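Build out the structure end to end from the sequences listed, making use of the hints.
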Amino acid sequence: MNKRSLIGEFTKGLIEENATFKMAIGLCPTLAVTTSLVNGFWMGVAVVFVLTFSNVFVSILRKVTPDQIRIPVFVILIATPVVIVELVMKAYLPAMYQILGIFVSLIVVNCIVIARAEAFAYKNSLLRSAFDGLGIGAGFMIDLMLIGAVREFLGTGTITVGSVVLPPKPLFEPMSVMLTPPGGFITLGVLMTVLNIVFQRAAAKKAKTVS
Amino acid sequence: MADKLLITSSPHIRAAKTVRGIMLDVVIALVPASVAAVVFFGIKALSVLAASTISAVLAEYLYEKAVRRPVTVGDFSAAVTGLLLGLTLPPAVPLYVPVVGSVFAIVVAKQVFGGLGTNFVNPALAGRAFVLAAWPLHMTSAWLNPLTMDAATGATPLHAFKGGQAAGSLVDLLIGNRLGSLGETSAIAIILGGAYLLMRGVIDYRIPVAYLGTLGFGVFIFGKPGALFQGDPLRGILLGGALLGAFFMATDYVTSPVTPRGRTYMGIGAGLITLLIRYWGDYPEGVTYAILLMNLATPLIDKFVVPKYYGYAHDALARRKAKEGGR
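Sequences listed follow chains A and W, in order. Under numbering that gives the first Met the number 0, residues 0 to 210 are what the first sequence spells out, in order. Under numbering that gives the first Met the number 0, residues 0 to 326 are what the second sequence spells out, in order.
No lab work stands behind these hints, which were simulated from the structure alone.
In silico negatives: residues of chain W with every beta carbon more than 10 angstroms from chain A:
1. PRO31
2. GLY73
3. PHE221
4. LYS223
5. LEU227
6. ILE267
7. LEU271
With a straight-line cut-off of 25 angstroms between C-alpha atoms, the simulated DSS-like cross-links for lysine-lysine are:
8. A:LYS205 - A:LYS11
9. A:LYS122 - A:LYS21
10. A:LYS21 - A:LYS11
11. A:LYS205 - W:LYS64
12. A:LYS204 - A:LYS11
13. A:LYS204 - A:LYS21
14. A:LYS204 - W:LYS64
15. W:LYS64 - A:LYS207
16. A:LYS207 - A:LYS11
Note that the coordinates shown come from a computational prediction; the quantities given were computed from them, not determined experimentally. Heads up, the beta-carbon is just placed ideally off N, CA and C, and yes, glycines get one too.
Here's what the structure looks like:
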């Protein structure tokens, strides 16, 4: 198995092994919380934090974790950072916690986190696992923000970040359907198609210039 | 001798029918309804129909260019989808409604699933369902008074009819002198187009007959609030989008069952769902969702409605034979 550099472990999560658009895992929060850019951002932050620390914990304990009970062990190791995120969010971002609500707690059973624990952190060194968690998490955060931005723009006509509203006035009549779950599925599908076509063409071009 | 014997697999006899020919027939059949729409609703109708048709064709062209598939604009199927979508819209909708609807219909409902022949729901109706969900206000209030063409504030005749009130004279309903979506107002124009399609053998009479029959019978039973068997089946059929849907959308080859019996079932199912949504649902009209739902049920119908095998007396026997892998 050819090993990547540490930087490579980070960057593969952005495009090559992108959680949402390439591996299509962790889709429940993706569809549920991405009604706006800011929601997507904070959910992404929560997942980056949890994923990095759960990867680290799993990696540290990988040699003493018995194979037969590794999944329960993972869940406990993942639950720790999740509870931390949940309590911190409740204390310092109560408004955001109101919106994300149950989906923060549900990171415990998020398939991205469990998949990285099982498929990567359980077999790799601490540092590698940390970079893997950061990269996959960052990729996931970008996905959520992208989907959130598209849905917010089409569904409300504007994108609101803090006190900044862009464009100041909706340029068209907002499509309320984009804020509903069907709108989430449609956005996800269309973005997945477009991005995969773009990446495939880029890869084909690269292969051509190399040979 | 051996080289004189030509062995090929079926089909051996090909009809002269082409996709393009069939789609042209549909366009011709839609002309009366479109003309009626323009006569009654003027330039607004023309611009909505033009916007939906042009953007459907453009969407198909651009998508097929973008994914490097052969461009199939020439078979007129995109134009038919766009025109049909336009005919289901209220006259006074802003022009981005038909444009977005057409793009959704062509790209998401049709091309993403592989283009003509592999879409699982009727693209025009999928586009309409999308704009209905996106801008419900426009889709249910952008009515115009026919001929005078000023904004109408009253309820549509279908709405009045559901409340048990009078819904205009039959003559007005037949000609199209009433509030409603572009293509659904003039019953005569739609029946004319439908008759043309039936005559040319483009569509099967079973779906429209079963659909409208079920709907009419249901309206007869439940159409009058507070009393059974006193409804007005004729107005029940003429009002709303049932005629347009039954002749032009439920009969879509791709999304309707292939067997004659299956088509009857599809018509009955669509009629029942339309009835359900109209009288017990929240939406004013249920044709769109009725046909979309029956589109989804089509593979199931095709699976269960097995035609009788030649030489076998009973369906049950044929089905058992089919299961055993025999002929």
